[in-house]
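**Q** The lines below spell out each chain.
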Amino acid sequence: KNQVEQSPQSLIILEGKNCTLQCNYTVSPFSNLRWYKQDTGRGPVSLTIMTFSENTKSNGRYTATLDADTKQSSLHITASQLSDSASYICVVSASNDYKLSFGAGTTVTVRA
Amino acid sequence: GAGVSQSPRYKVAKRGQDVALRCDPISGHVSLFWYQQALGQGPEFLTYFQNEAQLDKSGLPSDRFFAERPEGSVSTLKIQRTQQEDSAVYLCASSLTPGQGRSYEQYFGPGTRLTVT
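The listed protein sequences derive, respectively, from chains A and B.
Residue 4 in our numbering is what sits at position 4 of the first sequence, and the numbering runs on without skipping anything.
Residue 1 in our numbering is what sits at position 1 of the second sequence, and the numbering runs on without skipping anything.
Keep in mind that the hints are not guaranteed to be accurate.
[As the list claims (entries may be wrong)] 30 angstroms max Cα-Cα, derived DSS-like pairs, lysine-lysine: (1) B:57 - B:14; (2) A:99 - B:57; (3) A:17 - A:99; (4) B:57 - A:71; (5) A:57 - A:17; (6) B:11 - A:99; (7) A:99 - B:78; (8) B:78 - B:11; (9) A:99 - A:71; (10) B:57 - B:11; (11) B:78 - B:57; (12) B:78 - B:14.
[Unchecked claim] On the chain B side, residues computed to face chain A include the following (Cβ under 8 angstroms): (13) 108; (14) 110; (15) 111.
Hints in this document: simulated from the structure, not taken from any laboratory.
Source: prediction; values computed, not measured.
Think of the CB as a built atom: it goes at the ideal place given N, C-alpha and C, for glycine as much as any other residue.
Starting from the given sequences, assemble the full structure and let the hints guide the process.
**A** In structure tokens, the structure reads:
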């Protein structure tokens, strides 16, 4: 079973609107959680990183939250732009492993 | 360039052909990873190098897959006798340090899209 589950699988929003993506994980012992943005035909690029003690982190119009007790994270996109159309992948790192655990991603399509 | 580069970006192979995919990591990065990404899925771990040593190849799906990094920089992923199920995007990532923690980050290349016909 995948240790990182994301929802929804995909979503379509109108330009200027907000949206929230969800990530649940079971990775343990937890080290950090990153949200990556992957444009079509490109490799993933890190947007935010949060460790156990951090519960929110912003990067421009992207705001990530983390609840380490419930093992849930969210990525909120504010005032979406066409360039936000991409796949957003939740990636969790265990403190005793160099391997990363990837979610399947949420595909966001922003329409004018 | 400053980032991870991969070549070719696209490869079409006939079933049964051998292919070689190249990864140029960020200069000075100790760790190098190969991933396989199916359409609509997150990357799946294939193998890990620390300098020239292949420390983990547990994700390689079969003995048709082989990876090397002979001088601790450029890496090649070779797939012999390609099958249709090998069609995927192959991502390479590198990191400065071999460890974990907040400063540990993997930087990804653009990937090679392999299509086996």
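**Q** Now tell me if each hint is right for this structure.
**A** To see whether the hints hold, each was checked on the structure:
no., hint, in the structure
1, B:57 - B:14, "26 angstroms, holds"
2, A:99 - B:57, "12 angstroms, holds"
3, A:17 - A:99, "35 angstroms, violated"
4, B:57 - A:71, "29 angstroms, holds"
5, A:57 - A:17, "20 angstroms, holds"
6, B:11 - A:99, "27 angstroms, holds"
7, A:99 - B:78, "21 angstroms, holds"
8, B:78 - B:11, "13 angstroms, holds"
9, A:99 - A:71, "18 angstroms, holds"
10, B:57 - B:11, "23 angstroms, holds"
11, B:78 - B:57, "13 angstroms, holds"
12, B:78 - B:14, "15 angstroms, holds"
13, 108, "3 angstroms, holds"
14, 110, "5 angstroms, holds"
15, 111, "6 angstroms, holds"
In this structure, the one hint that does not hold is number 3.
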